[in-house]
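> Taken in sequence, the protein lines are chains A and B. Positions in the first sequence are counted from 1; adding 4 to them yields the numbering used here. Positions in the second sequence are counted from 1; adding 4 to them yields the numbering used here.
Note that these hints are calculated values from the structure, not bench results. Some hints could be false.
One-sided excerpt, in silico: chain B residues whose CB lies under 10 Å from chain A [claimed, not checked]:
(1) Lys-60
(2) Arg-125
(3) Ala-338
Some chain A residues close to chain B (C-beta under 8 Å, calculated; not the full set) [to be verified]:
(4) Phe-54
(5) Thr-56
(6) Asp-58
(7) Gly-93
(8) Ser-237
(9) Lys-292
(10) Val-332
Away from chain A, derived, C-beta distances all over 12 Å, residues of chain B [claimed, not checked]:
(11) Lys-45
(12) Pro-47
(13) Ile-126
(14) Gly-127
(15) Pro-177
(16) Glu-213
(17) Asp-240
(18) Gly-250
(19) Lys-292
(20) Gln-371
(21) Lys-375
(22) Phe-379
Note that the coordinates shown come from a computational prediction; the quantities given were computed from them, not determined experimentally. Beta carbons are placed, not taken as given, at the ideal position from N, Cα and C, and that holds for glycine.
Protein chains: 2
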Amino acid sequence: MKFFENGDGVTEPRGFFASGVHCDVKGKKDGALDLGVIYSKKPCTGAGVFTTNDVKAAPVTYCIDLLKNPKSTFHAVVANSGNANACTGAQGDADTKKMASEVARHLKVHSKEILVFSTGRIGVPLPMSRITAGIRDATDDVLQEFDGAHAFQEAILTSDTCTKSCSAKIETPGGEITVGGVVKGAGMIEPNMATMLAFLTTDAGASPELLKTILKQAVDQSFNLMTIDGDMSTNDSVVLLANKGGGIKLDLEEPTVVRKFQEAVNAVCAALARKCVSDGEKVTKFVKVRIQGAPSDEDAEKVARCIANSLLVKSSWYGSDPNWGRLVDAAGYAKIGLIFDQLDLFYDDVPALINGEPIIGNKSQWQNIVKGKEFIITLDLKIKKGKAEIWTNDLSEEYVNFNKSE
Amino acid sequence: MKFFENGDGVTEPRGFFASGVHCDVKGKKDGALDLGVIYSKKPCTGAGVFTTNDVKAAPVTYCIDLLKNPKSTFHAVVANSGNANACTGAQGDADTKKMASEVARHLKVHSKEILVFSTGRIGVPLPMSRITAGIRDATDDVLQEFDGAHAFQEAILTSDTCTKSCSAKIETPGGEITVGGVVKGAGMIEPNMATMLAFLTTDAGASPELLKTILKQAVDQSFNLMTIDGDMSTNDSVVLLANKGGGIKLDLEEPTVVRKFQEAVNAVCAALARKCVSDGEKVTKFVKVRIQGAPSDEDAEKVARCIANSLLVKSSWYGSDPNWGRLVDAAGYAKIGLIFDQLDLFYDDVPALINGEPIIGNKSQWQNIVKGKEFIITLDLKIKKGKAEIWTNDLSEEYVNFNKSE
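Isolated chain A (complex conformation) (with noise of 0.2 Å):
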């Protein structure tokens, strides 16, 4: 596999055009993109992750239902950053329905045809008549081929710093396929209710159900690991459209092919959730936090989440203090019935604590490890096998400099 940062991302498999274009969403008139298409000409079929949130913006419960029938087909996104449609009622299904229509006029598709993204404000209707000439202006640059994927990019952020894409190629006997990704997530400092969107493209062919399977697998390796708290916006989506434009139609009677592919969009979307925790204001570090010997796999998720999430613990990554003191605090009320006398602790392979004794001659190698731009913690509760994993990352100076020593 062949792995690409950054750079055109959704368009680099054959037959994806993307454009962003500039429609006042939220009628501030600042000139910024907020609204994209992703267009192929030839049909796609399409499988979906969405926000498990008890109140879904109407966008996501439109994809939702396209998405359920087998036999859908796609030729194009449309999505907008500044306003969510969530919680915007009839209207709000009503201006969905009208922005697939809308996309699928112009490029002459069938309006269930058109997958509808939105993400921002919640509880506001959106402007239909600024979307509208939005959609106009947009599809009428991916008709024209024009090389709008960096517009779309920006097109869809909303607190993001900065534009996150990527794309991986794999060799096949039958010839080359490429995966291409964009996302937009949001700076960590609101870890509750960011809305992460994702869109992912391939010029290889499969069935919808088997993408559903790759999609899921991959989604729960990357995007769901960087979860915060359980919690999910009303918005939080992640698609992955396969048009063959190169030919090539995944078969599970070749399953070496298969897999080759599954590690491609797993690189995808790994990356992506990566860039998402690494944009945040002023995050310095990317954590992984490891913890094994739990008596579930459910519960060491309860307490890596903890960990993850404790303002205190990230405070103190910030300031390159190894502070195992509020780390294990943090575990502790995850309540799973920890024993602070059988605990080890680990900074990347470096002993902090074993049976839950600081290892104190390490100190200064802990602290090392503490001050890099990445590191893993690896708590070892020694109960039985059950293990989880979490990506996070440090806080910013504003949370901080009230926490950051004591």
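Given chain A's structure and the hints, the job is docking chain B onto it.
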């Protein structure tokens, strides 16, 4: 009932004395008071409610053990700030016992008649030579009956910005009974693991069983409402000591007196908890989140906590922005089966949503309410009868600059 904000608190009931001294727990030589004693010459019965964190500090397990014995009586509490004596192994247990025995030696009582509390940094052994010097000074002060209530209040603070005390008096056929209290919380900028220590005293007499029942009820209606994210520190403790200094013993055969006493303890705990919620870095608002109509009380609490812990919701309150969208989104990720289009939402008594429809005509009213220093959010899920209440606050400027508008 007569209620008194602030004041001497724990020394208001007859026969209690308190002190606070500087013994340089942190080794910073900053002169800050960091060790205190509450003393009653008459023996007290006692009751306590403690952290449920898997990791309990040495003094917590020590106090739990002492209070388990229904025959235990107590003469004093000793508490230090600056060091939590948590995750300190066998040395920590020995140091706790040493603190008790040193206090007992100076007060000429048995070491099992001393309760011990610590708060501060985790994982560092106590500086016992300085602690024992502090104990000598602090016990000296209470034996000489110095007026040290305020010094004690100060000695237990960590990141708190002010001392927090109150008292209540009730009239009974046998005479007056006083309940006094003091608490330390922490800036809500650190919602995780902010240790809360509360000490209550009364000049009534009561069996340990009755005290425990009364304290448990009061804590459930106060400190447990303000707990953030289910987290508790390694050291959280609330204790109530009863010395019968006024000569009146509470008796279940006089239910009117017991009820009045319960109300006094409730009032003291509620006021102290409220002071904790309001004492954060630049906290400007005190908010009660009430959920009703949930499938169960447990579900209602989940929803209340999701709202109360949402950084985006709290940030919007700080910006005096009602932002019901963020609030409903937060409620949705409790995932208890909430149905958006049957939600009723109120700011104080003013409806903002009825059956999920915004009552736009009331908008200026909600905005005025959220501009106030104190308001109540009521969310009715209209599913079943489950309800819950959580007390919380807005978020400091540092968190908010980035989030308060979109």
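> All hints, please: hold or fail.
Hints versus structure:
1. Interface restraint check for B/Lys-60: the shortest CB-CB distance to chain A comes to about 8 Å, inside 10 Å, so the restraint holds.
2. For the restraint placing B/Arg-125 at the interface with chain A, the shortest Cβ-Cβ distance is roughly 5 Å, inside the 10 Å limit, so the hint holds.
3. The beta carbon of B/Ala-338 comes within 7 Å of a beta carbon in chain A, closer than 10 Å, and the hint placing it at the interface holds.
4. Taken as an interface hint, A/Phe-54 does not check out: its beta carbon lies about 13 Å from the nearest beta carbon of chain B, beyond 8 Å.
5. With a least beta-carbon distance of about 6 Å to chain B, the hint placing A/Thr-56 at the interface is held under the 8 Å criterion.
6. Look at A/Asp-58: its Cβ gets to within about 4 Å of chain B, closer than 8 Å, so that hint holds up.
7. Annotation: A/Gly-93 was flagged as interfacial toward chain B, and the flag holds, the nearest CB pair being 6 Å apart, inside 8 Å.
8. Here the hint on A/Ser-237 is kept, as its CB sits about 6 Å from the closest CB of chain B, short of 8 Å.
9. The closest approach between the C-beta of A/Lys-292 and any C-beta of chain B is roughly 20 Å, which is over the 8 Å cut-off, so the hint fails.
10. Look at A/Val-332: its Cβ gets to within about 6 Å of chain B, closer than 8 Å, so that hint holds up.
11. Listed as outside the interface, B/Lys-45 is consistent with that label: its C-beta sits roughly 36 Å from the nearest C-beta of chain A, beyond the 12 Å cut-off.
12. With 12 Å as the threshold on Cβ separation, the claim that B/Pro-47 sits away from chain A holds: the shortest Cβ distance comes to roughly 34 Å.
13. Not every beta carbon of chain A lies more than 12 Å from that of B/Ile-126, the smallest distance being close to 3 Å; the non-interface claim is violated.
14. Not every beta carbon of chain A lies more than 12 Å from that of B/Gly-127, the smallest distance being close to 3 Å; the non-interface claim is violated.
15. With a closest Cβ-Cβ approach of about 45 Å to chain A, B/Pro-177 is found to remain outside the 12 Å limit, as its non-interface label requires.
16. With a minimum CB-CB distance of about 26 Å to chain A, B/Glu-213 clears the 12 Å threshold, and the non-interface call stands.
17. Listed as outside the interface, B/Asp-240 is inconsistent with that label: its C-beta sits roughly 10 Å from the nearest C-beta of chain A, within the 12 Å cut-off.
18. Distance to chain A confirms B/Gly-250 as a non-interface residue, since its nearest Cβ pair spans about 39 Å, more than 12 Å.
19. Every Cβ of chain A is farther than 12 Å from the Cβ of B/Lys-292; the closest lies at roughly 20 Å, confirming the non-interface assignment.
20. Residue-level check passed: B/Gln-371 sits 14 Å from the nearest beta carbon of chain A, beyond 12 Å.
21. Listed as outside the interface, B/Lys-375 is consistent with that label: its C-beta sits roughly 19 Å from the nearest C-beta of chain A, beyond the 12 Å cut-off.
22. Against chain A, the non-interface label of B/Phe-379 holds: every CB pair exceeds 12 Å, the least being about 19 Å.
Going down the numbered hints, you'll see the structure goes against 4, 9, 13, 14, 17, while the others check out.
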